[in-house]
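**Student:** Chains as they are written, first to last, in the numbering used here: chain A, 0 to 695; chain B, 0 to 695.
Any given hint might turn out to be false.
A pair holds if it fits inside one copy or across any two, identical chains being indistinguishable in the list.
[Unchecked claim] Taking lysine-lysine pairs in the DSSO-like style, the calculated list, with each CA pair at most 27 Å apart, reads: (1) 53 with 100; (2) 416 with 21; (3) 275 with 321; (4) 402 with 367.
These are computed hints drawn from the structure, not numbers from a lab.
Protein chains: 2
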Amino acid sequence: MLEHFFSPKTVAVVGASREEGKVGHDLLKNLVTYGYKGKLYPVNPHADNILGIKTYPSLREINDTIDLAVIVIPAQYVERAVDECIEKGIDSIIVISAGFKESGIDGALRERELLRKVKQHGIRMLGPNCLGLIDTQSCLNVSFAADMPPQGNIAFFSQSGALCTSILDWAMGECIGFSKFISIGNKTDIDEVDIIQALDNDAHTKVILGYLEGVKSGTAFMNAAQKTTQNKPIIIVKSGGTTAGAKAASSHTGTLAGSENAFDAACNQSGILRVKTIEELFDYAIGFSSQHLPKGPRIALITNAGGPGIIAADAVERSKLKMAALSKNTVDSLRSFLPATSNVYNPVDVLGDAKADRYRFVIEKVLKDPHVDVILVILTPQTMTEIEKTAEVIGEISNQTDKTIVTSFMGGIRIEKGIKTMCQRKVPNYPFPERAVSAIEAMYKYTLWQKKSTPSIKTFDVQKEITISIFDDARRTGRSSLSEEEARQVISAYGFKIPKSILTTSEAEAVRVAEAIGYPVVMKISSPNILHKSDFGGVIIGIKNAVDVRRCFSDITQKARRLMPEAEIKGILVQQMITGGKEVILGMSRDPQFGPLLMFGLGGIYVEVLKDVAFRIAPIDSHEAEEMVRKIRAFPLLQGVRGEVPVDIDAIVNNLLRLSQLATDCPEIMEMDINPLVVFPEGKGAMAIDARLTIS
Amino acid sequence: MLEHFFSPKTVAVVGASREEGKVGHDLLKNLVTYGYKGKLYPVNPHADNILGIKTYPSLREINDTIDLAVIVIPAQYVERAVDECIEKGIDSIIVISAGFKESGIDGALRERELLRKVKQHGIRMLGPNCLGLIDTQSCLNVSFAADMPPQGNIAFFSQSGALCTSILDWAMGECIGFSKFISIGNKTDIDEVDIIQALDNDAHTKVILGYLEGVKSGTAFMNAAQKTTQNKPIIIVKSGGTTAGAKAASSHTGTLAGSENAFDAACNQSGILRVKTIEELFDYAIGFSSQHLPKGPRIALITNAGGPGIIAADAVERSKLKMAALSKNTVDSLRSFLPATSNVYNPVDVLGDAKADRYRFVIEKVLKDPHVDVILVILTPQTMTEIEKTAEVIGEISNQTDKTIVTSFMGGIRIEKGIKTMCQRKVPNYPFPERAVSAIEAMYKYTLWQKKSTPSIKTFDVQKEITISIFDDARRTGRSSLSEEEARQVISAYGFKIPKSILTTSEAEAVRVAEAIGYPVVMKISSPNILHKSDFGGVIIGIKNAVDVRRCFSDITQKARRLMPEAEIKGILVQQMITGGKEVILGMSRDPQFGPLLMFGLGGIYVEVLKDVAFRIAPIDSHEAEEMVRKIRAFPLLQGVRGEVPVDIDAIVNNLLRLSQLATDCPEIMEMDINPLVVFPEGKGAMAIDARLTIS
């Protein structure tokens with residue numbers, strides 16, 4: 000995929016320039032300098048020869064097939080150049096030039112026209128407004144970056160070109176190798192999804208890193224990532240997260256949702272490791288790049304200094320990793336070998352005077368312990384410390400094991416050479432043990448993800464036709480929010496249990512219905528225009544006899560007429576009153592990128608005040624539904640505290656799956672709350688008391 | 000303070016050695032090499048001359064006053080050396096030697112004896128088991144560290160010697176200068192409190208950094224820190240945090256408290272910035288060390304790359320800082336100067352081709368904006384970027400302003416020189432903008448702390464004598480938990496309002512009392528042996544008439560006799576039933592280091608399941624009490640949601656202050672819960688329904 004971008008046999012540089020410092024010059028020079036093996040065709044009507052290479056006045060004049068054309072001319076001429084590419088039958092184009100969407104309306108129009116053209120002719124285009132790309136394997140540096148990174152197995156793509164230059168510069172000083180470096184610019188045609196798919200298929204890439212400010216298609220992004228993360232990790236830093244701002248929303252779910260929660264849920268469900276900072280991005284990357292994945296969470300710390308050992312142990316306890324409990328065998332042999340004042344338990348303290356051989360003995364012993372999955376070796380440069388020799392020992396041992404070994408040599412000048420040595424032997428070093436622990440934790444999480452079974456989406460037998468006719472009806476009458484009865488019918492059609500409930504239009508009818516349902520009953524105003532019924536006294540519960548039914552009927556209707564004179568009142572609902580059980584809320588809000596975002600939380604203040612909710616993108620399977628339920632902080636309340644019986648978690652899961660199906664089946668649903676869903680004790684099911692639903 | 004440690008006129012090295020690699024040699028060599036200006040007296044019975052310096056067989060033979068003696072001989076001979084110091088009238092000793100508390104019981108005994116001796120003779124001792132200390136101002140390197148750090152205004156003290164060596168090595172490669180470097184070892188005599196006090200008085204120290212694994216006296220630590228942080232920041236990384244482990248506790252407060260919460264509260268109340276990692280420690284340090292404190296939270300970002308600008312803006316939104324809204328003036332002049340595609344709002348994007356002069360113009364303009372307190376300049380090394388020139392510009396501007404300027408030059412090799420340049424001009428650089436934002440946030444928090452008024456502890460008129468007699472009574476009968484009546488009496492003596500409540504011992508008496516109080520009433524078992532009364536049905540509420548009072552009386556007593564046959568039953572409490580209001584919990588648990596740790600939370604599940612609580616160390620003032628109340632996540636529930644009236648926050652504050660006074664007055668109280676305290680609407684006060692209390 001995208002072969003012509005990464006290993007073209009011929010490259011034309013449209014806008015190649017003789018003038019140093021110009022992008023069209025620097026880019027051509029990079030191609031030459033870093034050893035591109037194919038044929039180069041600079042295009043410039045005012046030059047015969049640039050950097051010693053024959054230069055053509057136009058693409059037309061080149062008597063060869065062009066695999067890749069790179070366009071580095073001012074924005075207003077790009078379209079004409081693309082026309083020439085089409086004429087020449089070129090199927091892969093990089094547009095470096097800026098002056099498109101990012102520069103205002105004229106640019107945006109230019110960009111749209113560009114997209115139309117390339118789409119029409121089946122051309123793939125990278126950019127515009129990008130730095131270009133680098134493929135270290137084919138020695139292809141088709142960018143105006145100032146450097147060529149060393150070869151390695153990390154691929155990096157970025158929506159910010161400037162970030163590419165920073166990271167390239169930084170990588171040059173570190174011991175980090177790259178397979179590919181791709182600036183995706185305005186991602187008009189080729190976007191993160193194309194890149195992820197290409198990198199999935201790239202044998203030279205072991206880890207995929209990305210910097211994103213947004214995604215073009217949420218679903219495609221998730222699908223690509225889900226597939227790729229079965230093979231290799233994807234680590235993403237996404238910015239622009241906190242500025243989302245409030246959006247008008249009529250449901251609780253809508254209020255709490257938002258693009259950040261959607262992106263988080265998408266990462267969670269597609270195995271992407273989302274990090275907060277660039278530092279973490281590379282901390283994780285070097286771990287994945289060079290080490291085996293941990294087979295389990297049990298980590299042993301080996302240190303020549305107590306303090307850093309405690310710091311690391313603290314970090315382990317804050318993480319999902321576990322301090323390994325060394326087996327008796329290991330402890331015994333450590334005790335017989337180490338000085339008396341050493342600590343032979345985890346963290347193993349080899350003491351400040353430990354030389355390389357002591358480190359070797361201990362690492363080898365601990366590595367053999369079946370209770371250990373990962374080793375973190377900590378070293379501080381003390382007077383007796385053999386830094387480089389120890390580094391060599393660790394490198395050698397790491398080479399012979401399939402367990403995970405990382406180090407934290409802490410210091411500066413003295414430890415530099417040691418770190419280089421280990422880097423060459425594929426042992427990643429972290430300047431502080433906390434960062435090492437965090438990287439190992441990420442690797443462990445990824446192990447768990449890979450072990451996870453692929454979601455198997457359950458489909459219920461539902462009466463979709465009912466929902467369709469209700470939506471049609473609402474649309475016909477120009478309403479985007481459904482009435483309560485309509486909402487109840489919709490969820491009932493999808494298998495939610497709801498209390499008996501009948502719309503009445505007179506006191507007498509209300510009494511008849513109440514007596515049929517059985518006291519006590521609940522009475523509620525029914526009006527498509529009134530969403531928050533209880534706020535103005537439109538809901539009365541616990542009505543116990545005919546007299547009260549009559550009184551409540553008139554009370555509610557009068558109050559509604561007085562307070563909301565413009566509201567259309569359809570009558571009064573008389574409902575079976577549900578007692579007992581715990582209230583939860585299930586909801587959905589349609590995210591512009593990722594589609595139906597499901598929400599789960601405990602009812603009332605837990606959602607409104609504590610914002611204790613979990614999100615997933617529909618469709619979900621039962622594992623994911625259960626994860627949602629278990630993820631909220633208040634989950635112990637559902638399990639029962641102080642001797643209460645646990646609620647019917649299976650019923651919640653079942654209802655979440657039905658909601659997932661409803662949200663997936665009906666793209667017209669924009670927001671909905673099922674609030675409360677009353678959940679009864681284990682085995683006794685759940686009942687949806689109230690629902691709100693808005694459609695597009 | 001500790002003058003003889005930091006600027007001694009004469010230093011004796013007991014255990015000076017001719018043998019390279021030995022601590023007694025390296026330490027003496029450091030004194031010589033790094034230019035100590037005073038007189039050196041090596042002591043070694045087997046040498047006349049070490050490193051060209053006349054050597055003495057014993058301290059006795061030195062015909063001079065010794066300001067500071069450094070002991071570097073095996074542990075078993077240290078005591079004798081100290082005796083010689085006493086004889087010679089030396090008042091300041093550093094014991095480098097290991098082999099004390101850290102090595103087992105014998106060592107601990109040796110250490111205790113050492114302490115006794117130095118205390119008895121008014122000698123101050125640093126160590127044992129330490130690396131020594133460094134004072135760059137007096138060119139004193141009385142340590143066996145391998146380096147001498149550059150001069151600067153950062154002081155670092157550490158409970159881990161190995162961490163000192165790591166940090167020294169690291170600092171040598173960075174541009175970080177130190178005033179003092181102190182390894183406090185086993186801190187047998189001189190501890191963190193002495194060091195903080197000494198550094199407070201040290202004119203060369205602007206920032207105090209510390210690594211701690213624990214504190215010797217919580218109160219002394221807080222007092223010293225409170226005083227010092229008025230003058231200069233203290234930044235602490237404390238490890239050993241998460242391993243605290245469960246301790247047996249009979250109260251909710253006791254269960255939730257723990258040394259980490261106590262240490263956090265102590266830092267919070269004494270202005271200490273506690274950080275989680277060594278990286279943060281130094282990120283903060285370089286900010287404080289070189290820049291002005293921000294006068295406010297408004298930060299402007301200036302960047303030559305969009306992506307990193309967004310990353311930084313995200314970090315700002317997650318922090319307590321605010322994105323500055325640039326004034327119209329600033330925006331206008333930026334617009335007229337910058338290229339059309341620049342962003343002239345915050346973050347200001349000067350574009351990838353910005354040279355030093357463009358940076359200069361923008362920084363100067365933004366700096367003048369009265370809406371800006373802090374500037375973060377971000378630079379990525381692009382082709383046109385004038386890295387060093389821009390660095391010089393920033394350094395020059397920073398020199399002329401009293402606003403805060405920090406940078407994030409992102410990259411590696413290319414930006415190295417620029418960073419050095421800025422460092423020399425006291426502009427701290429952070430490799431990633433998130434770390435810059437976090438450091439500025441810390442500086443801003445410190446500014447707020449310095450502005451805070453000193454706590455003024457209010458004292459209520461209370462009946463302390465009542466509590467004393469109750470405690471005496473409990474002790475006399477060998478009880479550590481008070482009965483409910485006793486606990487009620489104690490808090491009532493401290494001004495808590497409690498419901499009317501009378502102990503009854505017969506059904507008839509119970510009825511009489513209930514009728515006097517007025518129905519409905521609550522009936523509760525009264526037994527010093529039953530703490531969780533409601534768990535077994537020992538509490539019945541809402542009793543409405545005499546018949547029910549009689550029935551409940553016998554129900555409760557029978558149940559208690561059956562289920563807890565060994566419990567002493569004093570009778571049944573008949574209580575006024577309180578309705579309405581919101582339940583909160585106030586509690587106290589005595590921390591072994593910091594004393595009375597107060598807790599506040601919402602009642603029930605908020606405390607037990609969600610652990611949504613706030614801690615402070617008593618005594619507290621009304622500001623701190625209010626902070627506690629506002630700090631919990633569920634605080635909006637107290638303010639009232641959905642049109643509810645707010646509860647009486649002042650009453651909670653008042654009760655917290657009373658609890659603070661009780662906890663401070665009565666050191667015998669180990670744990671207590673006031674649970675629930677029912678808080679009524681604003682202006683209507685609060686009532687303590689139940690209390691539990693255990694004493695030592």
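**Student:** Each hint: holds or not?
**Tutor:** Hint check:
1. 53 with 100: neither (34 Å within a copy, 79 Å between copies)
2. 416 with 21: between (38 Å within a copy, 25 Å between copies)
3. 275 with 321: both (23 Å within a copy, 19 Å between copies)
4. 402 with 367: within (9 Å within a copy, 57 Å between copies)
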